[in-house]
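Student: Residue numbers (this note's numbering), protein chains in the order written: chain H, 1 to 310; chain L, 1 to 628; chain V, 1 to 326.
Read the hints as simulated data drawn from the structure, not as lab findings.
From a predicted model like this one, the values you see are computed outputs, not experimental measurements.
Some hints could be false.
Straight-line distance between alpha carbons at most 20 Å, and here's what the computed SDA-like set of lysine to any residue pairs gives [said to hold, decoys possible]: (1) H:K16 to L:L534; (2) V:K271 to H:A248; (3) L:K216 to L:D154; (4) H:K26 to V:I135; (5) V:K241 to L:R502; (6) V:K236 to L:F168; (7) L:K448 to H:S194; (8) V:K236 to L:M96; (9) L:K375 to L:E437; (10) V:K271 to H:K26; (11) H:K16 to L:R513; (12) V:K241 to L:R166; (13) V:K236 to L:R166; (14) V:K236 to L:D427; (15) L:K448 to L:G415; (16) V:K241 to L:H170; (17) V:K271 to V:G260; (18) V:K271 to V:Q191; (19) H:K26 to V:T134; (20) V:K236 to L:V123; (21) H:K26 to V:D130; (22) L:K448 to H:R189; (23) H:K26 to V:V136; (24) L:K91 to L:T103; (25) V:K241 to L:K91; (26) V:K236 to L:P77; (27) V:K241 to L:D128; (28) V:K236 to L:D98; (29) V:K241 to L:F168; (30) L:K457 to H:G233; (31) H:K16 to L:M96; (32) L:K139 to L:T103; (33) H:K26 to V:T133; (34) H:K26 to V:K241; (35) V:K241 to L:T103; (36) V:K271 to H:R189; (37) H:K54 to H:P70; (38) H:K26 to V:M138.
Each chain is listed here by its residues.
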Amino acid sequence: MLSQGAPETAAAGRWKLVWRRFLRNKPAIVGAIVLLLIVIAAFALPPILPFDYKSMDYSALQQPPSPKHPFGTDATGGDILAQTMHGLQKSLIIGFSVAILGSIIAVTAGSVAGLLGGWTDRAIMWLVDLLLVVPSFIVIAIFSPRTKGSSSIPLLIVLLAAFGWMISARIVRGLTLSLRDREFVRAARYMGASTRSVIVTHIVPNVASFLIIDTTLALGGAVLSETGLSYLGFGVQPPDVSLGTLIAANSGSSLTFPWLFLFPGGFLVAIVLCANLVGDGLRDAFDPSSKRARAGRKAAKPTKQKVKAS
Amino acid sequence: MTDPTATETPQEGARQVTTAPLLEVSDLHVSFPSEEGRIDAVRGVNYTVSDGEVLAIVGESGSGKSVSSLAVIGLLPDQARVRGSIRLRGKELLGMDDRQLSTLRGSRISMVFQDPLSALTPVYRIGDQIAEALLAHGKMSNKQAAERAVELLDLVGIPDPQVRARAFPHEFSGGMRQRVVIAMAIANDPELIICDEPTTALDVTVQQQILNLLRKARDITGAGVIMITHDMGIAATLADRVAVMYAGRIVETASTAELFRSPRMPYTVGLLGSIPRLDDPARTPLIPIVGAPPAMHALPVGCPFAPRCPVAIDDCRAAEPPLQDIVPGHRTACIRTAEVGTTDLFTAYRHEITEPEREIITDDRVVLRVSDLTKVFPITSGVVFRRRTGEVRAVDGISFEVRAGRTLALVGESGSGKSTTLTEILDLERPEVGSIEVLGNDVATLTKARRREIRSKMQIIFQDPSASLDPRMPISDTLAEPLRIARRSREEIRTRVPELLRQVGLRPEHADRYPADFSGGQKQRINIARALALDPEILVLDEPVSSLDVSIQAGVLNLLRDLQTERGLSYLFVSHDLSVVWNLAHDIAVMYQGKIVEYGPAEQILTQPEHEYTRALIDAIPVPVVVG
Amino acid sequence: MTGFLLRRALNYAVLLVLASFLTFALASLTFHPLDSLEQRSPRPPQSVIDAKAAELHLNEPILPRYGTWVKGVVLHGDFGQTLAGQPVTQELGRRVGVSLRLLVIGSVVGTVLGVLIGAAGAIRQYRFSDYFTTIVSMLLLSTPIFLLATLLKYGALQINLAAGQQIFLYTGETSASAVSGLWNQIVDRAQHMVLPTLGLALGSMAGYSRYQRNAMLDVLQSDFIRTARAKGLTRKRALYKHGLRTALIPMATLFAYGLGGVITGAVFTEKIFGWHGVGEWLVDAINAQDLYIVVTATVFAGLVILISGLLSDIVYAMLDPRVRVS
């Protein structure tokens, strides 16, 4: 038998390739670093700060930023820096939990619907439609008396996740449907593989990349939802502190004492922006040719080359 | 022998021919950025085209044939870097901006692309899209353009053109859409028509019609034609001159007659030798070219074909041979042309292969029997309650048998029902009508356990080698999967996997690589290895070589043939390509619209076809031989 | 075609009924509208509390209560009563008008401008204008609407101060004091409308422009664009004429989903800019635990989504001939 020669490229594994492509995306790297710094600051700073978020410094009422109070103080002498950090903690925890929980629900529902088809598929998709029509915002708000106090943050997380998975599930279902008819899945079935083994061996790894991207992007959405609810007095409520409550409490005086709401607002935008940048970067890194063309000068368009160079 | 540089071309109705070349490409270089660095897709290409002349550019994937013509019409992606010279009647095209080139495109140079199904904009009507080609260049009113569009539709053979002009692209079949594209291409009477694999995506009978249409278009417009193809048969029947490309350069060019009579470049000879042909005896081993086309980002020093060349010497690897005249009008890029003639080259290739085994005497056991198989798809309509208003008989009462150690080929074009038949068989469920018997077991009586056993005895190989392999799994896992499903022990799996790789001619050390690291031919071999894992008796093959390059195809076909002789495998083979079928099959069943119209031993069907459809199929195949 | 739409409408209607029931049930279970009454000091006598409870049907089981309410809606157009005893319909008409004005203009402006900007961005890829719009879009998408609205108010204040006169008015829909003359009334409304509409539209604009840009970049690689250029159309012309039209098709489905976000945004906008629409009403009602207002507002929101869903189906069929069944 003639030997057919060595394979051409020694691409040492997919994950290295994805990592390399991600590293080339400067905005994504910046976003990842900034996000990491914010997370670290939110949890590492408060213990070492002179003031905590509940303290009131009567000697400095509504003062602009100063060395003693780097972010200024509010009308009751509360330190904005401490409050912002505490609010960040709350918003980050809720955001990450909702994002992860929501993605898990989305992947499970979507892949089951796509793989099993028939009535299961129709039932799940109908549920998706229903949840999209029900104004989630209203439902969560209605629950708000129950979410008062920090013991019911888990309830808030569950609610936010329960209303945030629908569009992702649709996409996962579409992915699963196209995977189901791909030849390697058919080949596995013709080899006699059970449905469960097909899901575990073939479907999950192929959907994994979507899962990662979706969780990252969902982080931004979850933070926005939570702060929006808290702003209106639903979700996280005083005396508990989140970025939303901070902005709500202080936006009245935004016109005259801008630092009161610019700092919490700024951090809020920063988190969401970084999450979006990282999410986009991941999406490009996993599949550079599918969704959009990358920046030309440094571009990598490998799949296109195979087609054109013939 | 006619002098190819003569000013006369023997076609009727051709424009007055001049000696100044219509198109002159000199020292063309095109490069792209990629994951691995800058790739030189085209590395110094020179050719000319005269009025009324058909130049065929032949090559396989990676040869650069499409890229060079995209450069001529100026439709390369923005990242491509082009240098050299492209002159249309003396006027330099390189360096022109988009606006200037747009005035040339569609009026003086036009192009017909490969995939007709995606070539037309889905949201605009056909007539409007043709009229757009006219309005982009001429000064005519919308009404005049619409009328002319209908005339053009009639010219390219669309029936009922007045009505059809109002249709949308999705209402047309692939062949009809390609006719529309040709209509757009000739609308403004171009001087040069470039055709990039225009028939590859079409059925063979449709291909014949389109090729005839292209010939007619050339006759009407007197244009020069560049025909890019991988099919030597098309080059032989349509072209006046042929240029063979390999690894981004032209390695041989001559008049068609000269090239097919005495090819001198080893690659051309290898290419011609590896094509399965209807005029060869049935089931002859083909002569593949060893190895695979080179990776364009890491070309070896010297002649890029040297690693695969049977007559390569050390000097070949020193420097790249330039394209030189051997005889006026016939050029090759090989330093050994003077010593090695055509016959020597063919002989050298034959030494590379082992002697074919004698065909073993098989027993008459029937391993697969299908009787009166029918599969009907309902058409429903109705808003709330879906009523069945009609049906599509995808498979309409067919019967055939596959015997042990023999190959049965199901031949048909799209819509014939051959793929549906395969699915029905592989599902191992009782069919709607009729019966299926696998290895003596009627599928209607199978228990779950028995079905599992039978599955291990009957495996499938699909058409697209990449889609059949999970991109996320290294191939050792892919090969182990069937063994794991059959609950074989870990030690057994560990020894079996390298053994399987060796059986299909791959190196066991590469078992931990991913599918993306392998070429198309290698991937198909991996698929075959996986199918062999459980020692099957029957292999079902769905167009197994259609996606492969011609020279690679030969190797896979030889492998399949050898495996059959060694192990007594039976094959059920589906294909639309009669030459491939002739090369592998013992028996043939011709399918048309769900029915088998002819069935019998291969020799009988192909030498004495009875049904007119079979005859049409055979006629439609372009044979790589130049007559006269 | 009409059959398909009818089926979709039916589907949406069923979903709407279910959604309203869910909200009704949920609110009935979690609201304690008598809290404010019970927590008054001195505590009112039990009979008063009981009377109020009976008035609000609080002790009846949920399903019949819902049934009564639905009957009232379908037969009499009666959406129930507020806690204060006023019929909901009275306020509803007024508030719906306010909200619709805000929603329609905000979403239309956001969608149309978003699509155009996205398309232009894809065609002018790598130029500064594309880069700029991408950055601005990313920022806008990361900014919650309440923050954006507040910032707009802040900016408007600065502009007003700098210009010395009130160009932008940001409290309410019209000025408190009466304005005479039709022209002046129009100008007055416009002055009040700019900021809230802008706030609402910017978010949609950012979202649509990104989606449209991506859709067009996908389409840019298509074969039919290449065919159009091979016919002789310049790159720009081919992209605008063939690319945009085809890339619009997936946008139609986006519109239905996008409106959900616009409605939520409208709630914040109404609150911040003092527009007395359904959104503001809703927030107040949830705080006051006023059941019937909440359910009615839910139905209103659901109805808007339903209509936009149907609209997007129609637009999709108009744009994509492949969907139209002959």
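Student: Decide, hint by hint, whether the structure agrees.
Tutor: Results of checking the hints against the structure:
{"no.": "1", "hint": "H:K16 to L:L534", "in the structure": "34 Å, violated"}
{"no.": "2", "hint": "V:K271 to H:A248", "in the structure": "12 Å, holds"}
{"no.": "3", "hint": "L:K216 to L:D154", "in the structure": "13 Å, holds"}
{"no.": "4", "hint": "H:K26 to V:I135", "in the structure": "13 Å, holds"}
{"no.": "5", "hint": "V:K241 to L:R502", "in the structure": "55 Å, violated"}
{"no.": "6", "hint": "V:K236 to L:F168", "in the structure": "24 Å, violated"}
{"no.": "7", "hint": "L:K448 to H:S194", "in the structure": "12 Å, holds"}
{"no.": "8", "hint": "V:K236 to L:M96", "in the structure": "16 Å, holds"}
{"no.": "9", "hint": "L:K375 to L:E437", "in the structure": "16 Å, holds"}
{"no.": "10", "hint": "V:K271 to H:K26", "in the structure": "39 Å, violated"}
{"no.": "11", "hint": "H:K16 to L:R513", "in the structure": "14 Å, holds"}
{"no.": "12", "hint": "V:K241 to L:R166", "in the structure": "19 Å, holds"}
{"no.": "13", "hint": "V:K236 to L:R166", "in the structure": "26 Å, violated"}
{"no.": "14", "hint": "V:K236 to L:D427", "in the structure": "51 Å, violated"}
{"no.": "15", "hint": "L:K448 to L:G415", "in the structure": "32 Å, violated"}
{"no.": "16", "hint": "V:K241 to L:H170", "in the structure": "19 Å, holds"}
{"no.": "17", "hint": "V:K271 to V:G260", "in the structure": "17 Å, holds"}
{"no.": "18", "hint": "V:K271 to V:Q191", "in the structure": "18 Å, holds"}
{"no.": "19", "hint": "H:K26 to V:T134", "in the structure": "15 Å, holds"}
{"no.": "20", "hint": "V:K236 to L:V123", "in the structure": "18 Å, holds"}
{"no.": "21", "hint": "H:K26 to V:D130", "in the structure": "17 Å, holds"}
{"no.": "22", "hint": "L:K448 to H:R189", "in the structure": "14 Å, holds"}
{"no.": "23", "hint": "H:K26 to V:V136", "in the structure": "17 Å, holds"}
{"no.": "24", "hint": "L:K91 to L:T103", "in the structure": "14 Å, holds"}
{"no.": "25", "hint": "V:K241 to L:K91", "in the structure": "30 Å, violated"}
{"no.": "26", "hint": "V:K236 to L:P77", "in the structure": "14 Å, holds"}
{"no.": "27", "hint": "V:K241 to L:D128", "in the structure": "12 Å, holds"}
{"no.": "28", "hint": "V:K236 to L:D98", "in the structure": "9 Å, holds"}
{"no.": "29", "hint": "V:K241 to L:F168", "in the structure": "16 Å, holds"}
{"no.": "30", "hint": "L:K457 to H:G233", "in the structure": "67 Å, violated"}
{"no.": "31", "hint": "H:K16 to L:M96", "in the structure": "41 Å, violated"}
{"no.": "32", "hint": "L:K139 to L:T103", "in the structure": "13 Å, holds"}
{"no.": "33", "hint": "H:K26 to V:T133", "in the structure": "18 Å, holds"}
{"no.": "34", "hint": "H:K26 to V:K241", "in the structure": "34 Å, violated"}
{"no.": "35", "hint": "V:K241 to L:T103", "in the structure": "17 Å, holds"}
{"no.": "36", "hint": "V:K271 to H:R189", "in the structure": "57 Å, violated"}
{"no.": "37", "hint": "H:K54 to H:P70", "in the structure": "16 Å, holds"}
{"no.": "38", "hint": "H:K26 to V:M138", "in the structure": "15 Å, holds"}
Figure legend: structure checked against the earlier numbered hints; hints not met, in rising order: 1, 5, 6, 10, 13, 14, 15, 25, 30, 31, 34, 36.
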